[in-house]
Amino acid sequence: MGAITDSVKGFGVTFAHLFRKVVTTKYPFEHPVAAPRYHGRHILNRHPDGLEKCIGCELCAWACPADAIYVEGATNTEANRYSPGERYASVYQINYARCIFCGLCIEACPTRSLTMSNEYELARDSRSDLIFTKEQLLAPLLPGMEKPPHPMWLGESERDYYVGALADPGTAAGAERSPSYTAGPEGDET
Amino acid sequence: MGIEEKLPSGVLLTTVERVINWARKSSTWGATFGLACCAIEMMAAGAPHYDLGRWGMEVFRASPRQADLMIVAGRVSQKMAPVLRQIYDQMADPKWVLSMGVCASSGGMFNNYAIVQGVDHIVPVDMYLPGCPPRPEMLIDAILKLREKILHEPLGANGRKMLEARTARGDVPVVAPGAMPSSYRSDSERRKEWEMAVREGREEQLRIENWMKDGRHLQGGGRW
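These protein sequence lines are chains A and B, in that order. When you line the first sequence up against our numbering, it's residues 1 to 190, in that order. When you line the second sequence up against our numbering, it's residues 191 to 414, in that order.
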């Protein structure tokens, strides 16, 4: 008799689970929101006029514990200007087959050029496709931005760019909160 | 391999190819090959919260004979390499390999004498998944991309010839099979957007643009 009541009890537990709330997430049909500071794909940011923030200093490459970043710097000229100041990165590659998304490159970047997005759907079927070049990493041109090379429009020297960045960071997605950002209903700074 | 090598080319073959590939991509059972931390995420992907059972692959087979897909999850040491190859050889055709995490894909941060610098030195890899470790969504994304690839695989010698002819004619899809992120592919509007961006060669910018536009990371970050 005990065996029957026990099995009824046992199956009762199983049956009760039918009426529980489903815990399964609906990915890929619903894109789950990652944590605000989730370490995802990198972005190379731009100044508000479209010039690149990257100055080709290679600090990110030196900080990288997995040797995933390759940078080649070149000198800006008046006719061929990609970033304010002396230098820019003529080659910038991140090898996502090596990158461990630790964020040390972000910490090392002196100009807030390199930041991380929350994008993570990166799987590819060849290793060469996983090496992202500068064209792929650069932030999109927002309204008011012009594709470099072009002269410095926001000031006389690079100093004006860095001082101005406090008020208007250009694209700095994932790094600073933009001035237009207002706290959501749940409040900010989670 | 079998009868598909002897099939004539033409209309019949493409239809058979579709049906067989559809059967092959559905319910690819995984061979358990958890080697390190990535295996924890692989297990999480099989558990109810992410539920690989939605694609019929919640069973990870310990026996390679019953597995179709080997998910190499974790860093492969030199000593493990022959074991990995043996498991692969024991799997029945057709079989696929997914290299999960950067260590399996290229050695990752372990650039030293003990670790194989990418499992593609040992076995042919069909899909590389970066991340350290990749979150379960990334694994699901990689599996879905692999399924799309399987769906477009040529069948047998004649199928390969026809694919070559199609490629020579330029009759190929805009986005290569297995290149579009799953969240874009599963939404018809976003899918069109992505295809348009690929034509202009700015798909990576589109991804960042949409992410910045959504700004969901600024709104308290979901369930955290």
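Honestly, the hints are just simulated from the structure, not real lab data. It should be emphasised that the depicted structure is a prediction, and the values quoted were computed from it without experimental measurement. From the three backbone atoms N, C-alpha and C, an ideal C-beta is built for every residue, glycine too. Hints should not be assumed to be uniformly reliable.
To be verified - Which bits of chain A does chain B cover? Going by a derived footprint, with three or more residues having C-beta under 8 angstroms, they are:
id, segment
1, 26 to 34
2, 95 to 106
3, 115 to 121
4, 124 to 131
5, 145 to 159
Status of each hint after checking the structure:
no. : hint       : verdict
1   : 26 to 34   : holds (count 7)
2   : 95 to 106  : holds (count 8)
3   : 115 to 121 : holds (count 5)
4   : 124 to 131 : holds (count 6)
5   : 145 to 159 : violated (count 0)
Consistency note: the structure conflicts with earlier hint 5 alone.
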